[in-house]
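Number of protein chains: 2
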Amino acid sequence: MGSILYKNISLADENFEIKNNMYLGIKGEVIDYVGEIAPCEEYEVVRDGKGLVAIPAFYNIHTHLPMVLLRGYAENLALSDWLNTRVFPFEAQITGEDIYHATLLAQAELLRFGCVSSTEMYFKLPYLFKANEESGLKMNASNAIVCFGNTDITSLGEYKEYMECLGNESIKNSKRFMLDMAVHAEYTTNPTVVKAAADMAKQYKMNMHLHMSETKSEHEECKGRHGMTPAAYFEKLGAFDVPCTAAHCVHLEGEDFEILARKGVTVANNPISNLKLASGFADVASMLKAGINVGLGTDGAASNNNLNLFEELKLFATMNKALTGDPTLITPAQALYAATRAGALSQGRSDCGLIKEGFKADITVLDIDKPYLSPVHNMAANLVYSAQGCDVITTICDGKILYDRGEYTTIDVEKARFETETRAKRISEKLGG
Amino acid sequence: MGSILYKNISLADENFEIKNNMYLGIKGEVIDYVGEIAPCEEYEVVRDGKGLVAIPAFYNIHTHLPMVLLRGYAENLALSDWLNTRVFPFEAQITGEDIYHATLLAQAELLRFGCVSSTEMYFKLPYLFKANEESGLKMNASNAIVCFGNTDITSLGEYKEYMECLGNESIKNSKRFMLDMAVHAEYTTNPTVVKAAADMAKQYKMNMHLHMSETKSEHEECKGRHGMTPAAYFEKLGAFDVPCTAAHCVHLEGEDFEILARKGVTVANNPISNLKLASGFADVASMLKAGINVGLGTDGAASNNNLNLFEELKLFATMNKALTGDPTLITPAQALYAATRAGALSQGRSDCGLIKEGFKADITVLDIDKPYLSPVHNMAANLVYSAQGCDVITTICDGKILYDRGEYTTIDVEKARFETETRAKRISEKLGG
Numbered sequence: 001m002g003s004i005l006y007k008n009i010s011l012a013d014e015n016f017e018i019k020n021n022m023y024l025g026i027k028g029e030v031i032d033y034v035g036e037i038a039p040c041e042e043y044e045v046v047r048d049g050k051g052l053v054a055i056p057a058f059y060n061i062h063t064h065l066p067m068v069l070l071r072g073y074a075e076n077l078a079l080s081d082w083l084n085t086r087v088f089p090f091e092a093q094i095t096g097e098d099i100y101h102a103t104l105l106a107q108a109e110l111l112r113f114g115c116v117s118s119t120e121m122y123f124k125l126p127y128l129f130k131a132n133e134e135s136g137l138k139m140n141a142s143n144a145i146v147c148f149g150n151t152d153i154t155s156l157g158e159y160k161e162y163m164e165c166l167g168n169e170s171i172k173n174s175k176r177f178m179l180d181m182a183v184h185a186e187y188t189t190n191p192t193v194v195k196a197a198a199d200m201a202k203q204y205k206m207n208m209h210l211h212m213s214e215t216k217s218e219h220e221e222c223k224g225r226h227g228m229t230p231a232a233y234f235e236k237l238g239a240f241d242v243p244c245t246a247a248h249c250v251h252l253e254g255e256d257f258e259i260l261a262r263k264g265v266t267v268a269n270n271p272i273s274n275l276k277l278a279s280g281f282a283d284v285a286s287m288l289k290a291g292i293n294v295g296l297g298t299d300g301a302a303s304n305n306n307l308n309l310f311e312e313l314k315l316f317a318t319m320n321k322a323l324t325g326d327p328t329l330i331t332p333a334q335a336l337y338a339a340t341r342a343g344a345l346s347q348g349r350s351d352c353g354l355i356k357e358g359f360k361a362d363i364t365v366l367d368i369d370k371p372y373l374s375p376v377h378n379m380a381a382n383l384v385y386s387a388q389g390c391d392v393i394t395t396i397c398d399g400k401i402l403y404d405r406g407e408y409t410t411i412d413v414e415k416a417r418f419e420t421e422t423r424a425k426r427i428s429e430k431l432g433g
Numbered sequence: 001m002g003s004i005l006y007k008n009i010s011l012a013d014e015n016f017e018i019k020n021n022m023y024l025g026i027k028g029e030v031i032d033y034v035g036e037i038a039p040c041e042e043y044e045v046v047r048d049g050k051g052l053v054a055i056p057a058f059y060n061i062h063t064h065l066p067m068v069l070l071r072g073y074a075e076n077l078a079l080s081d082w083l084n085t086r087v088f089p090f091e092a093q094i095t096g097e098d099i100y101h102a103t104l105l106a107q108a109e110l111l112r113f114g115c116v117s118s119t120e121m122y123f124k125l126p127y128l129f130k131a132n133e134e135s136g137l138k139m140n141a142s143n144a145i146v147c148f149g150n151t152d153i154t155s156l157g158e159y160k161e162y163m164e165c166l167g168n169e170s171i172k173n174s175k176r177f178m179l180d181m182a183v184h185a186e187y188t189t190n191p192t193v194v195k196a197a198a199d200m201a202k203q204y205k206m207n208m209h210l211h212m213s214e215t216k217s218e219h220e221e222c223k224g225r226h227g228m229t230p231a232a233y234f235e236k237l238g239a240f241d242v243p244c245t246a247a248h249c250v251h252l253e254g255e256d257f258e259i260l261a262r263k264g265v266t267v268a269n270n271p272i273s274n275l276k277l278a279s280g281f282a283d284v285a286s287m288l289k290a291g292i293n294v295g296l297g298t299d300g301a302a303s304n305n306n307l308n309l310f311e312e313l314k315l316f317a318t319m320n321k322a323l324t325g326d327p328t329l330i331t332p333a334q335a336l337y338a339a340t341r342a343g344a345l346s347q348g349r350s351d352c353g354l355i356k357e358g359f360k361a362d363i364t365v366l367d368i369d370k371p372y373l374s375p376v377h378n379m380a381a382n383l384v385y386s387a388q389g390c391d392v393i394t395t396i397c398d399g400k401i402l403y404d405r406g407e408y409t410t411i412d413v414e415k416a417r418f419e420t421e422t423r424a425k426r427i428s429e430k431l432g433g
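Chains as they are written, first to last, in my numbering: chain H, 1 to 433; chain L, 1 to 433.
No lab work stands behind these hints: they were computed from the structure.
Beta carbons: idealized from backbone N, C-alpha and C, even for Gly.
One or more of the hints may lead you astray.
Unchecked claim - Result set (DSSO-like, lysine-lysine): computed pairs, CA atoms no more than 27 Å apart in a straight line:
hint, chain 1, residue 1, chain 2, residue 2
1, L, K263, H, K430
2, L, K175, H, K425
3, H, K289, L, K216
4, H, K50, L, K195
5, H, K19, L, K430
6, L, K216, L, K124
7, L, K415, H, K19
8, H, K425, H, K400
9, H, K356, H, K130
10, H, K19, L, K7
11, L, K50, H, K415
12, L, K263, H, K425
13, H, K195, H, K205
14, H, K216, L, K400
15, L, K289, H, K425
16, L, K430, H, K7
17, L, K175, L, K27
To be verified - Anything over 10 Å on all C-beta distances counts as not near chain L; from chain H, calculated:
hint, residue
18, N274
19, N378
20, E421
21, S428
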């Protein structure tokens, strides 16, 4: 493995305070030096960090990467039409190879915008794995259980896929790719299956991922069906007995906050998707007050329509001020924490998400030599409120440079685009445009 | 004047539908050809538009450009602290030369993100004029009347400045720079002064610009003081008898919508500033339903903290879905209209804001050869939801290329940055950091 030293760089320290004129050394997969004076060790590559800022790379903890195939395909529709007339028919046509190529294109986009890891919920896990092996990013991937009626989990295709993946040595040995168990949502499963999935997650030491209280109607209908909120329902069935990431949580109420805090559930806040699908406004302030770990997700490109977590970062820091009427809430450091460390922790990657010696070198470098990043009264504020995803010039994952000034070192982005466009067109034309 | 022809370009037509493989010809200040077949005329420069999309350039209809001096200077503060402990003391130190240099930096940022015109409210108008003359952008500029107690308008410094500017031949003859009358807000003026300002606007045929119903407390206190809402108050005093742009309008109620529609008042929607200062969520859906012209503004960099109208564009198209619970609201075309044509109309520039033969050539060209703009099921949706301000490669104002692939043709951006940073530091240090 190579080694690289940035000198004279600004960086976000482990408290997300920005320090200037620092040295940042990377050896192999790890950050081996952070300091104000030059390290004694030698590095193969030395880069001048003047005009650059390093932050921990982003973790996008709720997304559906292959949905870049559907970018812009389902617009200005009510949720039921969005799903039933556009998304589901399109997805029914998606092959494993489609997923492989679209995942590579989506991961190029993640890298372009400074993100190295995703908590992914889609299907055909071996193709997600194949793409992730090649791209060099990290992924916690799940094939969400969906079933209607009184199905048993072992009869589901998802179950069979999990059993295959759990027996696959390459997947088992990968540290970058982790299998998560996932239940799509309360309204798309039944209690027997949720309990069985929770038991599997415990047995195989998998994290759990699920959609929860995304829409008001889903939340209320759960109460009607089960006499309890989705949070209480999932807790009762054991879904929170393993580390769990609950996406959306727009309509939490009452005890829900206490349940998630007590069970250590991470909330994946997807503000743009919630706006675009008209789901509502998640009460992030109450989550943070309750001590819940809150990270950020873009959701899929069909409901966003990009994978640029800088946009969620800015909304996290601004919208929660308006929702509470309190402009003192959410500091730039808190927002950066949510986009990085909170996400790494949710994925079970406790040695990731901070620029700190001994941590995995997941680093995003921004070029701040821009008219809109001047002057610098408060660098952290500039990064959260003023910076653009396009200001990222280098994205490093486990010490390996995956994106550097327009070049992708592991992804053939032209091929990924061509393949994705061709395949998206094939499906769209088959369905009548 | 030069002439330029883009061939094989995609462009937003006058209905904001995206047409592919088009010719777009510019001669002098004007769009002289839009069509599918090659024009007969010759052009000095011919550019290949493959992989590019042209849209009308953006109009930022509520901002305070020189506040880039304060970018990141006042963070996580309640509005009164934000104003009284940070913004007002800082602004008290700002000189005319500071304003000149900071305006140039801010206009470089506008150009970078595809915007050619601003509805500007600040002070020391001759320095705004000087910057705008050099930069080549458009500006509707005002020095907002602020007074406390029973002051007469003629005793105010703003009045004197207006009279000087109204007598200045260079200013009078400029078409790009237009003097607007402005009243800062109801709570920072008195009825006598508002009426006098409205009379002056009528007399000199100036547009009006004001802050209105930005915060709940301001809106309610107006009702307490005057027994009517700010909209009714301003109507009564004649402020809406000339074309008026009312910024924010977050807390409109009841008859307010009808008043603004009837009087042809434009609302400048500033969603990010409203979020960051915790002012709330403007009811844009009701404004549009009432027939009100709604354009977009960034507000100043101290409450945003950039001047990238692509961010407002996306929020306009998404947040209003969540606020109404209706994801079918606000099409990409409606959002693009708000960022362009609605703004041009509000500034009294009726021959701007559309890509149409005979209109002023205010054009923004985007490079769409990006992983996050692929595939293209719906180009307009990609532009509104997926594109980045940084995708702008060329910004043209009145037929003149002002920004082109990193180069500013009229602004010395390095100098503007250096001067702005030096001056911001001078003030910050004087005030103790």
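When you look at the beta carbon of H/N378, is every beta carbon of chain L farther off than 10 Å? violated, 4 Å
Check whether the Cα positions of H/K19 and L/K430 lie no farther apart than 27 Å. With a Cα-Cα distance of about 23 Å, the restraint between H/K19 and L/K430 holds, given a limit of 27 Å.
So if I understand the rule, the pair passes when the alpha-carbon distance is 27 Å or less; does H/K356 with H/K130 pass? violated, 30 Å
Test the statement that H/N274 is away from the interface with chain L: the closest C-beta pair must be farther apart than 10 Å. violated, 6 Å
Given hint L/K7 paired with H/K19 - CA-CA distance at most 27 Å: violated, 48 Å
Hey, H/K289 versus L/K216, does the alpha-carbon distance stay inside 27 Å? holds, 25 Å
Do the alpha carbons of L/K50 and H/K415 lie within 27 Å of each other, as the hint requires? holds, 19 Å
Hint consistency between H/K425 and H/K400 [alpha-carbon to alpha-carbon, up to 27 Å]: violated, 34 Å
Going straight from one Cα to the other, do L/K263 and H/K430 come out at no more than 27 Å? violated, 50 Å
Within a Cα-Cα threshold of 27 Å, do L/K216 and L/K124 meet the stated pairing? Violated, at about 30 Å.
Is the straight-line distance between the alpha-carbon of L/K175 and that of H/K425 27 Å or less? Outside the cut-off at roughly 47 Å; violated.
Hint check: L/K289 vs H/K425, CA-CA at most 27 Å. Holds or violated? violated, 36 Å
Violated hints for the displayed structure, listed by number in ascending order: 1, 2, 4, 6, 8, 9, 10, 12, 14, 15, 16, 18, 19, 20, 21.
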